[in-house]
Amino acid sequence: MKPQEHTASAHNFEECMKCTICTAYCPVVPVNPRYPGPKQAGPDGERLRLKDPYFFNQALKYCLNCKRCEVVCPSGVNVADIIQSARIKYGKEQPKLRDWMLANTDFMGHLARPFAPIVNGVTGLGVTKTVLDATLAIDKHRTFPKYSYKSFEGWLKRRSKEQAKFEKQVAYYHGCYVNYNNPQLGRDFVKVMNALGYGVQLLDHEKCCGVALIANGMSQKATKNAVHNVKALQKAVDAGLKVLTTSSTCTMTIREEYPGLLQVDNSGVRDSILLATRFIWQLLESGQAQLKFKKDYHARIAYHIPCHLEKLGWGIFSTELLKMIPGVEFTLLDSNCCGISGTYGFKKENYEASQAIGKPLFDQIKSVNPDFVACDCETCKWQLEMSTDYAVKHPITILAEALEY
Amino acid sequence: MKNNEYDVIIVGGGITGAGTARDCAMRGLRVLLVERYDIATGATGRNHGLLHSGARYAVTDQESANECIRENMILRRIASHCVDETDGFFITLPEDDLNYQTKFFESCLSAGIHAEIMDPKEALRMEPSINPDIIGAVKVPDGSVDPFRLCAANMLDAKLHGAQVLLYSEVTGFIKDGDRIVGIKTFNHQTHKTGEYYANITVNAAGIWGHHIAELAGVNIDMVPAKGALLIFAHRVNGIVINRCRKPSNADILVPGDTVCIIGTTSTKIPFDKCDTVTVTPDEVNLLIEEGAKLAPALASTRILRAFAGVRPLVAADSNDSRNISRGIVCLDHEKREGLKGFISITGGKLTTYRLMAEMATDLVCEKLSVNKPCETANAPLPGSDGKSFREVAQKIWDNPTTGQKAAAGRLGTGVTNIPAASSLDQSLICECEQVSVGEINSAIERWDVNGLRDLRRRTRVGMGPCQGELCSCRAAGLLAKAHGCTDRARADLQRFMTERWKGMYPIGWGDALREAEYTQWIYKHVLGV
Chain W
1 MKPQEHTASA HNFEECMKCT ICTAYCPVVP VNPRYPGPKQ AGPDGERLRL
51 KDPYFFNQAL KYCLNCKRCE VVCPSGVNVA DIIQSARIKY GKEQPKLRDW
101 MLANTDFMGH LARPFAPIVN GVTGLGVTKT VLDATLAIDK HRTFPKYSYK
151 SFEGWLKRRS KEQAKFEKQV AYYHGCYVNY NNPQLGRDFV KVMNALGYGV
201 QLLDHEKCCG VALIANGMSQ KATKNAVHNV KALQKAVDAG LKVLTTSSTC
251 TMTIREEYPG LLQVDNSGVR DSILLATRFI WQLLESGQAQ LKFKKDYHAR
301 IAYHIPCHLE KLGWGIFSTE LLKMIPGVEF TLLDSNCCGI SGTYGFKKEN
351 YEASQAIGKP LFDQIKSVNP DFVACDCETC KWQLEMSTDY AVKHPITILA
401 EALEY
Chain R
1 MKNNEYDVII VGGGITGAGT ARDCAMRGLR VLLVERYDIA TGATGRNHGL
51 LHSGARYAVT DQESANECIR ENMILRRIAS HCVDETDGFF ITLPEDDLNY
101 QTKFFESCLS AGIHAEIMDP KEALRMEPSI NPDIIGAVKV PDGSVDPFRL
151 CAANMLDAKL HGAQVLLYSE VTGFIKDGDR IVGIKTFNHQ THKTGEYYAN
201 ITVNAAGIWG HHIAELAGVN IDMVPAKGAL LIFAHRVNGI VINRCRKPSN
251 ADILVPGDTV CIIGTTSTKI PFDKCDTVTV TPDEVNLLIE EGAKLAPALA
301 STRILRAFAG VRPLVAADSN DSRNISRGIV CLDHEKREGL KGFISITGGK
351 LTTYRLMAEM ATDLVCEKLS VNKPCETANA PLPGSDGKSF REVAQKIWDN
401 PTTGQKAAAG RLGTGVTNIP AASSLDQSLI CECEQVSVGE INSAIERWDV
451 NGLRDLRRRT RVGMGPCQGE LCSCRAAGLL AKAHGCTDRA RADLQRFMTE
501 RWKGMYPIGW GDALREAEYT QWIYKHVLGV
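As you go down the protein sequences, you meet chains W and R in turn.
The numbering of the first sequence is the working numbering, which starts it at 1 and goes up by one.
The numbering of the second sequence is the working numbering, which starts it at 1 and goes up by one.
Since the hints were derived computationally from the structure, they do not count as laboratory data.
Any given hint could turn out to be false.
[As the list claims (entries may be wrong)] Part of the chain R face toward chain W, derived, beta carbon under 10 angstroms:
{"#": "1", "residue": "Ile304"}
{"#": "2", "residue": "Asn400"}
{"#": "3", "residue": "Glu432"}
{"#": "4", "residue": "Cys433"}
{"#": "5", "residue": "Leu471"}
Beta carbons: idealized from backbone N, C-alpha and C, even for Gly.
Pulled out of the complex, with its shape left as it was, chain W reads as follows:
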């Protein structure tokens, strides 16, 4: 290659034309004056940090890592990656106990699951919330997701023989949420896949994707998880399986953050990791499979697209799939971050900003007044259920409910 034929820079920070559209689209900027915005925190700040690491600004922690800046950037700059990389490289603040607890979703789930009825009862109490607020700075308005007494993994293992009978097979990366909090979503997924003629198998021991670890400054542990997961995924891919997911954030993390932030090579598995809605829509659209829906199904559904699904560019698969269900009255909500961004909104210092970011979305849901809201993201679900009176269902759950048998 001739000199200067192509220029390259870490996360394309030099390609920034300073158009500032990222800052205009950032959900944090209008609600938190302490946050300098993605342009200054990202490409502008990077030049300064290269001059002297002292230019690292603690205010970078206010970044939601929602990736909306990357979606709107006309120059292909990975703005959020620049910001998160800087936090990893220069951030000196040790994670607090609270951050550790919020970040280690699998460990906490593992610990809480056997005592689920007690844990759920205790975390739901007003007095517990007040104590958590005062001691750990977990905002008292938040409700912890309920833990399930039985894990999804155990449920599926007990059905591995019957699943193996299907001629066509997929692997399932269920993530912490399905395993510890909402195994029903996993069961719905298995139901839908079985109806399509696919058996579902687990990966050879998946670990938490690591998104909460990255967000809470524990990138080393996240990298360990990433290396483990890529190996487990590779095994499935080598066996000729597609790996399906139901969490948009886990999917985005494995596909984008592993190579982009953690420098973990996922090139062997990246194209085989698909959100279930994408895989199913393609099956139905191409006529390779059919689903039979209930004749009397009726629901008015408002769909909220999670930021990380926006980043993947795959929101269309979920929306089109929902529209295929007979009897669905579908409304696409305006693209607006709900404000929680995983563990971000749980922290007391972010609560107000978090709710201010989501407000236009909450208001729109109320004015649409659907039967329920649909969304591919578990943390958006927590936020929307806490901030509105509407239930939030995963498109796969909706699909399962609408199926004829």
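Following the hints, put chain R in place on chain W, whose structure we already have.
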């Protein structure tokens, strides 16, 4: 005594003139400095910004090398806010002669330069951007120095000691009394008025333009204008200066300066009438990129911000090769040389040795005026410098400084406390790339003789970042319009400024620089209607 009479008049607002004005003023003389345009518009603002350790000259010119290392150490003390103590490497590539390294190393030691032969692997660990093929590396105490900041600080200190500074005032002729120069005639480019100023001594510190000034005075300094072209890359590729360990040649120094890094130079003789209009040719750009990529391979794929060229004020010898001409300091007493009294020329030298040049010129001035006061510039810190890093300065002032406050402390040192920061407007940013606040701009307009955007850029770095004025110049023009009470003037100034920005981007007008320029043009032409 009339108000246009002084002890000494200094011609030239570059670093030599500013340093001489400061030294003369500190010795109690009544000083007038006249400059044709703005401070640091000649060679002072058009170089690498390398704080020489002297190593580059060690093999060929021990005296210059020794001057450099002594001044280098002095500047670290008296101009801490202008100096970045980066250190430097002299690397040997496979095609270079490794024997030269031995000679180089010994010459450094004999010139008093603390050089250290490094294991190439260790050098690569310390500075990962270095060409990994290197077979040798020597560490020396090079650094980087901000020439605009250094010049402005000297100018400010001269004024604090009573000197008067006239910018945009060109010397058009001398007033003679027999065989003595007793004053100067000037033309002000802004007011279009002429003036006459008198002094017992006039110091010619006009760099390459000093040749012309001497002619006006009726004497001849045989100068050789040697153009040097350089490229600015959009961010710091290296944190440590990288030099090539061989006989000085083209494009063999890469200096990290503030937020950017600069590769250079070339060396071409040019005629005197081209000194005001030097441009960078495509051949020079190619050469700088190709040779630069041998020092740091990343330069081949790093975005270039702009190209620029300066003219070295070399004093002629018999050789035709401009690199072999002495770069040592030339202090000419024209009374002894040609019998012209009251006229001194100070030239040659380097940015690093400006203080010594100023001392030599001022010593001669004092001798002629029978003033017996020793030079104190080597010990008295410049305004803003307290010998501490910008990190220490910022931490002392603020508990939790913002990025903008850190950047301002880097530019102004302890002088950062003079910036108004009371209101949120004061703190809001004009220049986002370099983090320059409204307060800093207003303070520069008030305190630093700012006539327009270009002057403002030299004092604050406004418009020096990757956007090259795209976002900041119209905002800054607004503040200037307010300060000067004239929008038409600010508008014309804005046009000139954007044209000047484009001039530096034109030679490297491809890729991201071109995209950015087109976007800028779209904003200014089609959105703002400028």
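To see whether the hints hold, each was checked on the structure:
1. Ile304: 7 angstroms, holds
2. Asn400: Constraint on Asn400 (chain R) satisfied, holds at 8 angstroms.
3. Glu432: 6 angstroms, holds
4. Cys433: 6 angstroms, holds
5. Leu471: Status holds, d = 6 angstroms.
Consistency note: the structure conflicts with none of the earlier hints.
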